[in-house]
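Chemist: Spelled out, the chains give:
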Amino acid sequence: MENLIALLVAAPLLGAAVLLCGGRRLDAVGHWIGTALAALSFVFGVILFADMLGKDPEHRTLMQHLFSWIPVEGFQADVAFQLDQLSMTFVLLITGVGSLIHVYSIGYMEHDERRRRFFGYLNLFLAAMLLLVLADNYLLLYVGWEGVGLASYLLIGFWQHKPSAATAAKKAFLVNRVGDMGLSIAIMLMFTTFGTFAFGPVLEATGDTSEGKLTAIGLMLLLAACGKSAQVPLQSWLGDAMEGPTPVSALIHAATMVTAGVYLIVRSADIFNAAPDAQLVVTVVGAVTLLFGAIVGCAKDDIKKALAGSTMSQIGYMVLAAGLGPIGYAFAIMHLVTHGFFKAGLFLGAGSVMHGMNDEVDMRKYGGLRKYMPVTFVTFGLGYLAIIGFPGLSGFFSKDKIIEAAFAKGGTEGWILGGCALLGAAITAFYMTRVMLMTFFGEKRWQPDEHGHEPHPHESPKVMTIPMIVLAFGSVFAGAFFGIGERFVKWLEPVTGFEHGHPPISALTVTLSTVAVMVLGVGLAYVQYGRRPVPVVAPRGSLLTRAARRDLLQDDFNHVVLVRGGEHLTRSLVYVDHTLVDGVVNGTAATMGGLSGRLRRLQNGFARSYAVSMFGGAAVLIAATLLMRAV
Amino acid sequence: MNPVNYLYLAALLFTIGATGVLIRRNAIVVFMCVELMLNACNLAFVAFSRMHGNLDGQIIAFFTMVVAAAEVVVGLAIIVSVFRARHSASVDDASLMKL
Amino acid sequence: MTAQLAAYSTSTGEAFQFWVLGTVAVIGALCTVFMKKAVHSALCLAGTMIILAVFYLANGAYFLGIVQIVVYTGAIMMLFLFVVMLVGVTAADSLKETIKGQRWLALLCGLGFGILLIAGIGNASLTEFNGLGQANANGNVEGLAALIFTKYVFAFELTGALLITAAVGAMVLTHRERTERAKTQRELAEQRVREGKHVPPLPAPGVYARHNAVDIAGLLPDGTPSDLTVSKTLRDRGQIRDVSTEALQDLKALEQRAEDRLERSNSGGANSGGSNSGKGSK
Amino acid sequence: MSFPLLTATAVLPALGAIATAAVPAAKRTAAKWLALVVSLATLALAVTVLVRFDPDGDRYQLTESHAWIADFGVRYELGVDGIAVALIALTALLIPFIILAGWHDADPLETGSKRWRPTQGFFALILAVEAMVIISFEATDVFLFYIFFEAMLIPMYFLIGGFGDRAHEHGEETAATQRSYAAVKFLLYNLVGGLIMLAAVIGLYVVAGNFSLTEIAEARANGTLDMATSTERWLFLGFFFAFAVKAPLWPLHTWLPNAMGEATAPVAVLITAVVDKVGTFAMLRFCLQLFPEASKWATPAILVLALISIIYGALLAVGQRDIKRLVAYASISHFGFIIMGIFAMTSQGQSGATLYMVNHGISTAALMLVAGFLISRRGSRLIADYGGVQKVAPVLAGTFLIGGLATLSLPGLAPFVSEFLVLVGTFARYPAIGIIATFGIVLAALYVLVLYQRTMTGPVKAEVSSMPDLRVRELVVVAPLIVLLIFLGVYPKPLTDIVDPAVKQTMSDVQKKDPQPEVEAAK
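Chains as they are written, first to last, in full-length UniProt numbering: chain Y, 1 to 631; chain G, 1 to 99; chain X, 1 to 282; chain B, 1 to 523.
Keep in mind that the hints were calculated from the coordinates and are not lab data.
Residues from chain X that face chain G, not an exhaustive set, calculated with beta carbons under 7 Å:
hint: 1; residue: Ala61
hint: 2; residue: Val87
hint: 3; residue: Gly143
hint: 4; residue: Ala166
hint: 5; residue: Gly169
hint: 6; residue: Leu173
If you only want the chain B side, here are some residues facing chain Y, beta carbon under 7 Å, derived:
hint: 7; residue: Ser347
hint: 8; residue: Gln390
hint: 9; residue: Gly412
hint: 10; residue: Phe427
hint: 11; residue: Ala428
hint: 12; residue: Thr438
hint: 13; residue: Val442
hint: 14; residue: Gln453
hint: 15; residue: Lys493
hint: 16; residue: Thr496
These figures come from a predicted structure and were not determined experimentally.
The C-beta atom is built at its ideal place from N, Cα and C for all residues, glycine as well.
Next comes chain Y alone, as it looks inside the complex (with noise of 0.2 Å):
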C-alpha cells in the first residue's frame, strides 16, 4: 500500500513532463491526459483513503522511503514519504478539486492556443503540492513548497504576453521567495537544534530545547506561511495573482496552495504548542489578515480580486485556529477543507461569468445575471451562502467553531480575537452580499467594449457547470457532514492532539451572535446595493473606501521603500562597483602609467646619465656591501 503513496505523486509529474515535453503532436489530446492523470491520482487517493478508514485510528500513518536524497557527513535528507490522516485530508482536496479544476479547465481554456502547456502546469501543480503535503521533512516539503510556487508563478503568468500578468507572477514568486527564507531558516535551526529535519524526530524532540529556540523557529515557519498563505505582511501578491486564469486562482490560490502556510503550522504543532509567544504571533497575524482580506474585499470591483480578499481573509480564520493551539488545529483544516469547496466553486463560478461576459471582470458592468446563467447563480448562490455561514451549510460549521475556540483562548486576548473573528464574519457577510448583488441582481449593466462588441451573457458548457455542481454540493454537505458528531476532529485528533475549549460565553451564544452579525452583514449590504441602482463609474468613496481599493495602501508601501529603495540601492551599487571598486584598480593601473610616464624621462637617451645611474648604484652597492660587514 505504502507504494502507491509515490504513485500518487508520479503520476501528476508525470503528465507534467509528458505534456510539457511532448510538443505540439500532444495539443489535440493534452488536456485529456493531463485530467486523466489528475483523476488518477484521486483514485490513488481514494484507495488510500479506504485503506486507512480499515485502520486503527492511532496506527494509521504510512511511510515509504524511496530514496537517499542528500546523504551528506552530519547531513541526512531522504526522500521520503508519509501519509496520515492529516495529508490524507490535503491529498484528497488537492486531487479531488484539482481533478474537478482540471475538467473545468478544458472548458475554459477551450480557446487558448496554449492548452496543453496549460495543463502541464496544472499537473505540475498537483505533483508539487502532493509532495509538499506528503513529504516526511522539512526540506522535501521546501521542494513541494517552492514547487508550487514554481507552478503558480508559471500560472499567474500564464498569459505572458500581458506584462501585468508577468508582473503579477513575478511578485507572486519574489514575495513567496521571502517567506522561503523563513522555511529554510526554520529548517537550518532545526538542524543546528535537533541534527535533523524529519517531522518525526524534530516533533519528538521539542522538549529537549529552550522556548527561545522554538519560539525562533515558530517565527520563521510563520514568516514562511504568511508568504504562501498571503498573510499581512507579506500578502500584497494574492490580489495581483488574479491576472492568472481563473481555474488557477480556483485551484491555487483559493483551495490549496494558498492553505499550505496552515497546513505547515499545524503540521508543526509541536513546536508551537512549547512556544507560547510564536502561537501568539500566529494568532495575531491570523486577526490581523482576516480583517485585512475582509475589508480590502469590500471595496474592489473587480470580482476576482473581491474574491481573493475573500480568500486573505479565510485564510486568516484559519492562521488564526491554528494559533490557538490544540484547540484550534482540527477546525483550521476543517475551515479549510470547507473554505476549499466553497471557495473553489466560487471563482469557477467567477471564471463561468467571465466566461460568459467576454473576460469582463469590474462587477459593475454586470447585472442581473441570473436569468442569463441560472446554473451559475444556483451554484455561486450556495457558495455565497456556505461562507457567509448560513446556517446549515459547511461555513456555518467550520467558522463558528473558530469563533468559538478564538473566544476560547481566554483572557483579553481570547477576547479581542473572539470580536476580530465576529467582525470578520460580519463583514465577510457584506462584501459576499455585495458581489452577489452587483453580479446576479439588478439591472443589466454591461456595454459594449471598444471594438462594439456586446457581450451575450449565456450559460458554460456542461464540462465546466458539472464541476461548479459538485463543488456546490460540497459546500452545502461538507460542513454538516464533518461537524456533526465532532466526525473531522476525532479523525485528526491522533495527528494534532485535541482539546475541547471552553469559552467565556456559551457555545450556543456565540452561535448566535455569529448569524446575527452575519444577518446584519448582508442587510447592510442590502441596503446598499441591493435598493439602489449600481453605479457603472465607480463613486470616489470614502478614505477607507479608497485606501482599500488600493490594498490598503500596502502596495503603495512596497513601492516606495522595497521597489524603489531598492532600485536606487542597484543603481547606487552600480556605481559603486564601476567608479569605485574598478576605479581603485584603474586608478591604481592609472597611477602606475603616471609614474611610468615620469619615470620614463630619466631615460633621455644620452649614455652619460646611463653612466650616472650605473655609477650611482655601484657605489650604492659598495655601500650595502660596507654596511653588511659593518653589521
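Put chains G, X and B on the given structure of chain Y with help from the hints.
Modeler: Relative to the frame of chain Y, chains G, X and B by itself:
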C-alpha cells in the same frame, strides 16, 4: 711605506677615470678615461699580486690588457664609423635611444 | 732589510718614488679628464701610463711593466692619437655641460664612490704582504708563462679568439664596401651642368690669397673668404682657418705702401698713374 | 607500471589542441569535428577516472609520480581525490557542449569585414584550456599546479580578446576596443594574483624544502614541519589572493563582468564554469591542507568577504542592463556561496561548496549558452532590446527559464542541494552570516525573474518577431544540461558519495569538528 698605498692610488685613479667618463662628451676622451680606469685596476692587481706573493694577480692584469686592447680596437672603430655617419664625436649626439 | 720587515714595508727609495711619481700620475689623470683638447688628454694619459709602468716594475711585475710601455703606451695610445687626428685634432671639446645636473651628479657620485672605495680599502686588513721573492725566483716571465700555459690556458686561448674577433670587427666597422660604380669625370661634369648650381670646377684653396694651406679659404676679389675653396671634410669639422681679416689688413697696408710710393713717383711714371687714380677714386 | 590514466586525460586534449590547430585553413569543418571528437574522447577518459576512483579508498588515487626538476625538488605528481574527480568530470563534460555551442562562433565573418577569425585557433584554444584545467585539478605538486594555473591565462586571453560576439550594438570598432580591454583586464588581474602566489610558492619551498602537497601536508599534520605563525599566515595570504582573484571574490571581481560580457557565450561559460573553478578548488586543496591554522585564522574575514560577494553580486545583477553581465554578477554571487561553504569549516559547507562548483558549472552553462543563442539571433546583449520572445520561440524561452530557475536554486534542480548545504553548513557555525546569506536567495529570484520577464514575456517586439526557435544543434547542447540539472537535483547521491570522503579528509586536515546539534550535545 705600506704597499697598500698603491691601492689607494689605484682607487683614486679609478675614481678620476670614472668621473671623466661621466663629464666628458668627446667619445675619444671618454674612451681614454675608460683606459685610465682599466689601468687603475691593473695597478691594484699588481699590488695584490705582490701582497699575496703569487703571480695570479699579474695574470689577470695581463688579461685585462689584452681585453683592453681588443676593446680599444673595436671601440675606436665604432667611434670612427659613428663620426663618419654623424660628423660628430660627441656621445651626447648619439641619443636616439630615448623614448 | 730582513724578510720580516719586507713583509710590512718597502724601501725608502720606493717610498720616495711612489710619492713623487704618484703625485704626477694623479695630476696626469686629472689633466686627462680636464684638458680641452683630445690630443692633450691623450698625451697626459700616456704620461700616467708610463708612470704606472714604473710602478709595475717596482712591484715586481717586470713583464707587465715592459708590456705596459710597449703595448699600451706605445701601441694603444698611438692608436688613440691616430683616431684623434682622423676625427679632428684641433676640435676643442667644450667643457660646458649640456645635460642638466649631470656634472653635479657625476662629481657627487665620483666623490662618494671614491670615499667608499678608500674606506673599503682602509677597512680591509691588508697589513701583511708576502712579496714576490719566491714567485719570481725563476724569473718573472717564466713564472707568468708557466701559469698562462697551464692554469689559465683556456682563458688565454679565449683571449686569442677575442683578439681575432676584435680585429675582424674593427675591419668590418670601418671598412665600407662600394656598392655602386664610381662616377666618371664626364658624368660628374654632366651632372653639374644639369643641376646648374656651380658649373665651373670649384676654386682651389688659396687661389686669390697669399696662403696655400688646405684649411685656409681662398679670398674672393673683394677680400672675403670663399668656403667653397676648402674641402668638405674640413668645412664640416669647422676647421677652416679664416685669414680674411688679416689678409684685408695686409692688403690695406700694401695699398698704403703703394700709395706712398706712388705719391713719390707720381711725377715720374705715368704708367702707374692710371692705376693710382683708379685706386684713388675708390 | 599501470596505464597513466590521469596524464592521458590531460594530454589527450593537449594533443587534440595541436592537431586542431594544424588542420589546414580550408578545412574548417574538419577542425570543428576533430575538436568535438577529442573532447568527447576526453570525456570518456574522465568517466573512466570516475569509475576507477574508489570513494572509500586512499585519499589520492591513480597517482603518478616522476622526478622532474630534481634540483628544486619539483616532481611531476598527479593524484585525484573525490573533489578533483568531480571537477574533472565537470570540465570534461562541459567542453563538448562549449564546443558545440560555439560551433559557428569563430566562422569567418561576412565578406567586407576586416576581422580575421581563425576557426581552428578557437577550438584549439578551448582544448588547450581544457588540458590545463584538468592537469591543475590533478596536480599534487604545488609547483606543477602553479605552472598550469598561470599558463591557463594565455589561451584564455586569446579566447576573450580574439573572439567576440558576431554582432554588437556599438559597432565593430568599439567592440574590438572593449574586448581587448576586457582581455587585458582579465590577464592583469590574474597575473597579479599569480605573481603574489609565485612569491608564496617560493616561500613555501624555502620553508618546506619541497613542493609535494602530500609530503608537506603530512609533515604539517605530524608536526615535523613547523611554521612560524606569521610565516604561515603570509604564505596563506599569498595563495589565497591568487585564488580569490580567480574565483573571483569581492572586491577582486571586476574583471569577470568585463570578460564574460565581451567574450562569446561559450567562452564566458568556459571562464566561469571551468576556469574559475580552479580557484575555488585550489582554496580547498591547497589553502586548507597546507595552512590549516592560517585558514582558521582568516576564516572570519573571508566569510565576510564572501557574504559581501553574495549580496553585492546579486544586487548588481539586478541593476544590469546587459544579459551577459547580469549572468556574470550572478556568478560572483554564487562564487560567494562557494567560498563561504569552503571556509565555514563544516562538512555540510564543504560538501555543499564542492557540489556547488559542479552544479554552478552546469546551471551557468545552461543559462549562459541559451542566452548566447538568444543574443546571436538578435545581435544585442541589452535586455531592453528583447521582449515577448516566449511567444515566438517557446522552447528557447523554456530552456532559458529552466536555466534561470537553476540559477535561483529552485528546489528540485541541482544548485538547490548545494546552496542549501552551504547555508546549513555556514549557519551551524556562524548563524548571523548564514541568515544574511539567505537574503541572497531572494535577490537571486529577483534578478532571474526580472531578466526573464523583460526578455521573454510581454508584447512581442518587432525585432524579435521573426526569431527562430532553438535549432537541433542548440537543443543537443541544452537538453543534456537540463537533464543533468534535474537528475542531480533529485538524486545527487552519486556525487555526494564521491565528494564526502574527501571532505572528511579536509576537515581532519584543519582539525575541525562539525558543531554538534544542541539536542545531541545536551545528551
